[in-house]
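Engineer: Protein chains in written order, with our numbering: chain A, 455 to 720; chain B, 2 to 89.
Source of the hints: derived by calculation from the structure; they are not laboratory data. Predicted model, so just to flag it, every value in this text is computed and none were measured. The beta-carbon is built from N, C-alpha and C at its ideal position, and this holds for glycine as well. A couple of the hints might just be wrong.
[What the hints assert, rightly or not] Derived, one-sided and incomplete: chain A residues facing chain B with beta-carbon distance under 8 Å:
1) GLN529
2) ALA577
3) ILE582
[As the list claims (entries may be wrong)] Which residues of chain A face chain B? A partial, calculated answer using Cβ under 10 Å:
4) GLU500
5) LEU503
6) ILE541
7) LEU592
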Amino acid sequence: MKKTLLILTILVLTFAFTETSLAKPQQGLGKLAAQNKATAAAQRQEAALASLKQRAQKLVDQRIERLNKLLTRIQNDKKLSDADKAILTTDVQNAIASLSALKTKIANDTSAEEVRADVKKLAQDYKIYAVFEPKIRLLVTIGNLQNLSEKVSTLAGRLQPLIDEEKSKGKDVSELQSLLNDINNRLTDINTRLAADKAKVLAVSISSPDAKTVFVEVRKDLAGIRAQFAQIRHDIARMRNAFRISLKNATAAPRVSPTITPTPTP
Amino acid sequence: MFLSKYKLPLLVVFLVLLVAASYLLLTQNVFKVQPPVSVSPSEAPLTSQTVDEQLGQTDVLLNGALNQMDIDTSNLNQIDASQDSITF
């Protein structure tokens with residue numbers, strides 16, 4: 455009886471020991487698998503963050519590239535006044551610097567939420583495509599047209615004394631005077647409109663809700679100003695012709711009527 | 002007698018005049034030789050001989066400026082404002 459009890463006890467203990475020793479490695483394997491799973495998840499998250507950052511930085515780079523092209527356009531412009539050039543250059547350079555800082559911030563972001571917030575900022579606070587670039591380009595165009603108007607005005611101012619001189623010689627200058635008056639009237643209109651357009655565009659900011667409407671209005675007006683300049687060009691071509699005829703008549707005049715006494719010139 | 006009596010006031014007046022004269026000479030560039038004023042062709046009075054050339058140059062200027070304006074307009078048309086509506 456005692457022997458049987460002893461044998462049974464040994465058997466029970468042996469079984470219990472075997473069970474315990476077999477269970478231990480299984481528990482270790484489970485833990486390892488869980489650890490591996492966590493590592494893989496972390497790696498996936500890290501890769502996703504890196505991909506998100508890359509996409510965000512690409513968006514910033516595209517904008518910086520556009521602004522650099524815009525900067526070259528401004529710096530190569532020989533018609534813009536120095537003051538306009540300096541203001542526009544500073545504006546673009548500041549935007550580039552700010553975007554570069556945002557790019558660095560994105561590189562240092564530690565979560566997808568941070569990257570998404572920065573991209574949202576890129577769209578809302580910069581509006582390079584919707585506001586900034588159109589604004590600068592319109593200001594460049596307006597500056598160029600103001601410079602053109604100034605040059606044509608200078609010429610118009612120099613034409614008047616010549617027409618007066620021709621008139622004093624007894625020539626018919628009615629066509630020339632009419633053309634010059636037309637040029638002067640158009641220039642007055644152009645200058646008023648350009649000044650108003652410039653003020654409108656300058657008033658547009660990134661947060662302006664009506665930026666698109668202003669740009670459409672100004673562009674429509676600039677198309678009208680272009681037509682005015684085209685008409686001035688037409689007037690100039692007619693003036694050239696009128697002056698040529700006048701000059702031809704002046705040289706031919708003595709042969710046609712040699713008896714006419716020439717007007718003494720002072 | 003007169004000189005010895007008013008020696009000091011005369012000296013003061015003389016010094017004041019000297020300082021004033023020096024100031025004027027320095028600030029008004031009295032001794033500075035002014036360069037001859039050159040008149041560029043675009044500022045010289047127009048004559049019946051030069052008017053055709055000047056009008057021709059202005060025509061070229063207008064043509065160039067209007068062409069540049071067309072290029073700028075084309076560049077403006079190419080800006081795609083919808084790129085600022087980023088979905089991320």
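Engineer: With reference to the structure, classify each hint as holding or not holding.
Structural biologist: Going through the hints against the structure:
Proximity of GLN529(A) to chain B is violated relative to the hint, the smallest CB-CB distance being about 15 Å (cut-off 8 Å). Look at ALA577(A): its Cβ gets to within about 5 Å of chain B, closer than 8 Å, so that hint holds up. Using the Cβ-Cβ criterion of 8 Å, the hint placing ILE582(A) at the interface with chain B is satisfied: the shortest such distance is roughly 7 Å. Because the closest C-beta pair between GLU500(A) and chain B is about 18 Å apart, greater than 10 Å, the hint is violated.
At about 13 Å, the closest approach between the beta carbon of LEU503(A) and any beta carbon in chain B exceeds 10 Å, and the interface hint on this residue is violated. With a cut of 10 Å, the hint placing ILE541(A) at the interface with chain B is violated, because the nearest CB-to-CB distance is about 18 Å. Because the smallest distance between the Cβ of LEU592(A) and any Cβ of chain B comes to about 7 Å, under 10 Å, the interface hint for this residue holds.
Hints 1, 4, 5, 6 from the earlier list are contradicted by this structure; the remaining hints agree with it.
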